[in-house]
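J.: Chain by chain, the residues run as shown.
Number of protein chains: 2
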Amino acid sequence: MSIQTAGRMRNVRRSFVREMLKAAARPEVISFAGGLPNPKFIPVKEIGEAIQQTLAEIGPAALQYCASEGHPLLRQWIADQYVAAGLAVSVEQIVVTTGSQQGFDLLAKVLLEPGDRVVVEDPTYIAAIQSLGLYEPQWSPVPLDEEGIRMDGLRAALAENANLLLCIPNFQNPTGISYSASRRKEVAALVRDSSAVLIEDDPYGLLRFEGPSLPPIARGAPQRSVLFGSFSKVIAPGLRLGWLCAPMELMDRIIIAKQALDLCSENLGQWVMHRLVSGRFLERHLPAVRNAYGRQCAAMIEAVGRYLPDVRCTRPEGGMFLWLTLPEGLSSMRLFELAIEKGVAFVPGQAFYTCGGGERTLRLNFSNCEEDRIDEGIRRMAAALDRMRGGHVPR
Amino acid sequence: MSIQTAGRMRNVRRSFVREMLKAAARPEVISFAGGLPNPKFIPVKEIGEAIQQTLAEIGPAALQYCASEGHPLLRQWIADQYVAAGLAVSVEQIVVTTGSQQGFDLLAKVLLEPGDRVVVEDPTYIAAIQSLGLYEPQWSPVPLDEEGIRMDGLRAALAENANLLLCIPNFQNPTGISYSASRRKEVAALVRDSSAVLIEDDPYGLLRFEGPSLPPIARGAPQRSVLFGSFSKVIAPGLRLGWLCAPMELMDRIIIAKQALDLCSENLGQWVMHRLVSGRFLERHLPAVRNAYGRQCAAMIEAVGRYLPDVRCTRPEGGMFLWLTLPEGLSSMRLFELAIEKGVAFVPGQAFYTCGGGERTLRLNFSNCEEDRIDEGIRRMAAALDRMRGGHVPR
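So the sequence lines, in the order shown, correspond to chains A and B.
If you want my numbering, it's the position in the first sequence, counting the first as 1, plus 2.
If you want my numbering, it's the position in the second sequence, counting the first as 1, plus 2.
Because the hints were derived from the structure by calculation, they are not lab data.
Where is the CB? At the ideal position from N, CA and C, for every residue including glycine.
No false leads were slipped in.
Just some of the chain B residues that point at chain A, by a computed CB distance under 7 Å: (1) Ile-53; (2) Gly-61; (3) Leu-65; (4) Tyr-67; (5) Gly-101; (6) Leu-114; (7) Ala-238; (8) Ala-262; (9) Leu-270.
In silico BS3-like links for lysine-lysine, alpha-carbon gap of 30 Å or less: (10) A:Lys-47 / B:Lys-47; (11) A:Lys-42 / A:Lys-24; (12) B:Lys-47 / A:Lys-42.
This is chain A alone, in the form it adopts within the complex (with noise of 0.2 Å):
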C-alpha cells in the first residue's frame, strides 16, 4: 500500500533558489543565484577564536541542551539593540530562533488555520511563501513601488479580516526595494487598526552602504508585530541562528512551538555569537562588509546598464539583491536555460510570486562575488538575451 500523505504537501514547490544553487554549482558557473554571504567576510578566525574561549571557559554547559528561548545573555543583547532603535522590548519578548527561517513556521503555527488570510509583498520571499504555504493560507499578494508596499492594496487586503502581514522593509528579497519613512508610518497604522499580526523580517537592515538607517515599522504598532532578525548574512549562516521579538501576548505559545519543532537552538553557537557581539565584533567587521557590498552593488548596476541597456533594474541601498526586468515579451525561465549554457546563474522571478506573475523578471545576488567575475557575469547574460533574441541585440 503506497503511504497517504497530507494535503498541505500537495500544492507547495520545492525550493527553486536550492534547486539553482545546484545548477549553478558547476564551478565554470558565475552564480548571482544564491543568498550568499561573500565567504571572504565569513570571519572563521574570529569565530574559531571564540569557540575555543567558550569550551576552555564554560565547558560541557555549552554543549548541552539550553533553554527552548535560547541563552540569556544573547537575548538580552537582542533586546538591547531594539531598544537603542526606539523600541520598548524586554528580554521575555526575544526567543533565539534556528536560523530567522524557523520564525515563519513558528509563528504560522501559532496564528494561522487553513484558509486564514496572509498578506504579502508582490514579488516576496521565496522560503517565506514555502514555509507560511505549509499552513494552507488564502494569499493576498500586494504590489510594491518605489517607497514599499503600496498602500491602496495593503487597504483593500487588511480589511478582509486578514491574519498575517510580511514585509520585508530594508532592500527587500528579492527586490532590494527599501521602504520610506512615511510608508512606514502608514503602513504601521493601517496594521494597529487591523486584525493582523504583522511579521517584519529584517535580515540585512545592517547591511546598508546608503542612506539613513530607518526605524522598523514595528515601532508603530508594537502590540501587533513581531521582529525577525538573523546572524547568517552579517557573521555566518552555516550556525543557523536568528532570533523574533514578540509581543507578550505571543510568547508562552510561540515557546511550546519552539519546544516542539526542535527543543532548542544549537548552544555553543549562542554562546560564541553572545561573545563576539558584545565584544563589539560587528563595530568591528561591518564597515567593510558594507563598502564591498556596496561596492559590489554599484559594479553589478553599472554592467546591467552597459550590458543589457534594455533591462530595468532597482538600486538598492543595501543588502544582497538587485530585481531585473526584461523586455515585453521576454521570459526570464527561458532566459535561465540558455544562461547556464553560458555559464552564468540567477533566480527567474516568478518563484517569489504566490499567485503568478513575474514572468520577466529576474533576481540578481551581488553579495557573493567579486566585481571582475561581476562584469563577466551580466556579460554571458547579455549572451544569453542575444541569443534568446535571435541575435537581434537592440543597441
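Following the hints, put chain B in place on chain A, whose structure we already have.
T.: Same frame as chain A, but now just chain B:
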C-alpha cells in the same frame, strides 16, 4: 484587539520536562528530572579539536549554508551504519535534522491531517506528544509490557486506519523498557499490512550496557518505516544534530518540509560530527559511557530497593531512565512537590500519557548523576514519601 491564535495551540501543554528543569535548576536540588548526558562524557576537547581542524581545512565553506538534506559524507556514514545493521538503506534516504526532535515535526507535516490516528506507546516520549499533538491527531495509546508494546492493543489500534505509529524500542523514554527480538518481528509484521507509517525513534540504542543489541523493527517493514537517530545522547545535545532515514517514496516531501523549517541544519557541527565518527571516535568513547551509565543505573535500582522497598521499578538494559510505580493511592505529582522541598527532582509520569493515567508513576534519570548523589537523592525521595504518608512508613 487581542490577537487571534490557531486552534492547534489550545490543547497543548507547555513542556513539563522543561518546566521541571527550571524547578530543578537550584544547585542544592539533586535532579533526576532531565534527560541530559553526564557532562563528564561530553567530549569538549575532541569537539574543540575537530572544530579547529575543520575550520583550518574547510574554511568559510564550513560556515555557509549547506544542502537541506545535510552534509553528504555525514549522510553516507549514517546510511553505512544502517547497512551494517542489515537494512538496505541508501544515502538518498537520509536527512540530517536539527536534533531528532525535528523529525517529529517533519513527519507530522508530511503525513498528518487533523483527526488522523496516531498510535503511541502508553506512556511515551513527552516531546513527541507535544510535537505531533500540534497536528491535532486522535491518539491511540497502547500499553507496554516487559517485551514492548502490547500486541493485542497494537492490533486493535492499527486496524482503525492509523496513519502513524511511534515506537521507541531501545530503553524507551520514559520507561526504560526494551522490545524483545520476537516482539520487534511481530510489530513489523503488523506494520507491513497496515495503513500506518512506523516512526522508530532510537536516540539511546548505542547506550546499551547489558544484553545483546537487537535489530530495528524497521528491518521487517522497510517500506513503511522511518528511523530517527541522534548524536545528542552519545556526543553532545547542544550541537542539535540528529537524522532520519525514510522510504524513498517520502523523501521529496520530507526535504521540502525541512527546507521550509530551517533551510538546513547547522553546517559546522555536521563537519565536526563527520570528522569524529569517521575517525572512530564513538568506538573509543562509548565503552566508558556505557560502563558508567550501567553502574549509575545499578546504583539507582539498588537505592530504590533499599529506600523505597514498596515502589515498583523497571530494569533497563541501557539508556538513561528508570520508571517507578508508587503503591496504590499515592500521587507522584504530590510526591514531586514534597520532593522538591527535600531537594530532589524527577518527572511525574502523567505528562507521558496522551489520554490520562499514570498518576502513580514517575521517571528517574540516572545518566546525569554520580553514584553518591544517586544514593542521596533516592534517600531524599524516601523522606518525601514518608512525609506524604504522614510518617507511616512500611518496613
